[in-house]
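> Given these sequences and hints, build the entire structure.
Just so you know, the protein sequences line up as chains A and B, in that order. Following numbering that gives the first Met the number 0, the numbering of the first sequence begins with 0 at its first residue and continues without gaps. Following numbering that gives the first Met the number 0, the numbering of the second sequence begins with 0 at its first residue and continues without gaps.
It is possible that part of the hints are untrue.
Sample of chain A residues at the chain B side, in silico, Cβ under 7 Å [said to hold, decoys possible]:
1) 53
2) 55
3) 58
4) 61
5) 118
6) 122
7) 123
8) 125
9) 136
10) 137
11) 139
12) 140
Because the hints were derived from the structure by calculation, they are not lab data. All C-beta atoms in this analysis are idealised placements derived from N, C-alpha and C, irrespective of residue type, glycine included.
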Amino acid sequence: MTVKILSNAFDPWQETQQHQQNQLEAGKYGATASFVGTMRDFNQGDDVASMTLEHYPGMTESYLHKICDEAKQRWQLIDCLIVHRVGEMHPNEPIVLTVVWSAHRKDAFEACRYLMEELKSRAPFWKKEGMAEGHRWVDKNTPG
Amino acid sequence: MSITVKFFARLREQVGKAELTLDDAGDVQSIWDRATENMPMPDNTLCAINMEYSNTDAPVRDGDEVAFFPPVTGG
Numbered sequence: 000m001t002v003k004i005l006s007n008a009f010d011p012w013q014e015t016q017q018h019q020q021n022q023l024e025a026g027k028y029g030a031t032a033s034f035v036g037t038m039r040d041f042n043q044g045d046d047v048a049s050m051t052l053e054h055y056p057g058m059t060e061s062y063l064h065k066i067c068d069e070a071k072q073r074w075q076l077i078d079c080l081i082v083h084r085v086g087e088m089h090p091n092e093p094i095v096l097t098v099v100w101s102a103h104r105k106d107a108f109e110a111c112r113y114l115m116e117e118l119k120s121r122a123p124f125w126k127k128e129g130m131a132e133g134h135r136w137v138d139k140n141t142p143g
Numbered sequence: 000m001s002i003t004v005k006f007f008a009r010l011r012e013q014v015g016k017a018e019l020t021l022d023d024a025g026d027v028q029s030i031w032d033r034a035t036e037n038m039p040m041p042d043n044t045l046c047a048i049n050m051e052y053s054n055t056d057a058p059v060r061d062g063d064e065v066a067f068f069p070p071v072t073g074g
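As C-alpha cells, then:
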C-alpha cells in the first residue's frame, strides 16, 4: 500500500509499472484497475490556464492511508497505490492516480472507484484555478 | 498551554493568516472565535483536531493542532 504526494509532474503509467515491478509478486494478481484524473483546460464554461493544488501535509497522507485501509477491509485486495499531485500544474497533466491489484476484477473495479470517491470527499486538497482574468477557488467537486 | 491553529485555502485568504498559536483551550468554535477575532465561521467550514475531522463543539486540549478549511476539492 503506497501513498505519494508529488509536487512535480508524474507519469501515471510509469508509476503503475514501477510499483507493480517493485512491490507485487508476479503470478499472484489477476486484476489491475486504475483511474487517472487529468487536468482539463476548461471548467464551468471558462478557459483554465493553470491550477494550484494545496494540501494539508500530514492529514492528507493520513486520510489517503485510511481510505486504502478501508478498501482493504471491504474487498479482497493485494495492493493499492495512490499518487496525487500538488502545487502548480497545467492542462493535460495528471492530477491523481489510483490503482488496485486483486485476484479478480470485481474487487479491483469496486475498490478503485471507492478510493477515488473517498479521496474526493475526504482527503484535504483544494484546487485554485488560474484564468486570464485572475484566480478562483473551486468550491466543490463535480458529482461522480 | 499552547494550541496551534491552521487555516487552509480560501479560508486562509479570508482570515489573512496561515497559522497562529493560542494559549487557552476551549472547544473548536471558541478556538475559531479567538483565532479570527470573532469572524463569522462560513457554513461549510470543515474542522480537524490533530488531523482528524471534528465537530465545532469538540474539546481542544493543550498541545492540540486545530485546522479550519473549506470543502475539499482534490482528485
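> Hint by hint, say whether it matches the structure.
Hints and how they fare:
| no. | hint | in the structure |
| --- | --- | --- |
| 1 | 53 | 5 Å, holds |
| 2 | 55 | 6 Å, holds |
| 3 | 58 | 4 Å, holds |
| 4 | 61 | 6 Å, holds |
| 5 | 118 | 5 Å, holds |
| 6 | 122 | 5 Å, holds |
| 7 | 123 | 5 Å, holds |
| 8 | 125 | 4 Å, holds |
| 9 | 136 | 5 Å, holds |
| 10 | 137 | 5 Å, holds |
| 11 | 139 | 6 Å, holds |
| 12 | 140 | 5 Å, holds |
No hint from the list above goes unmet by this structure.
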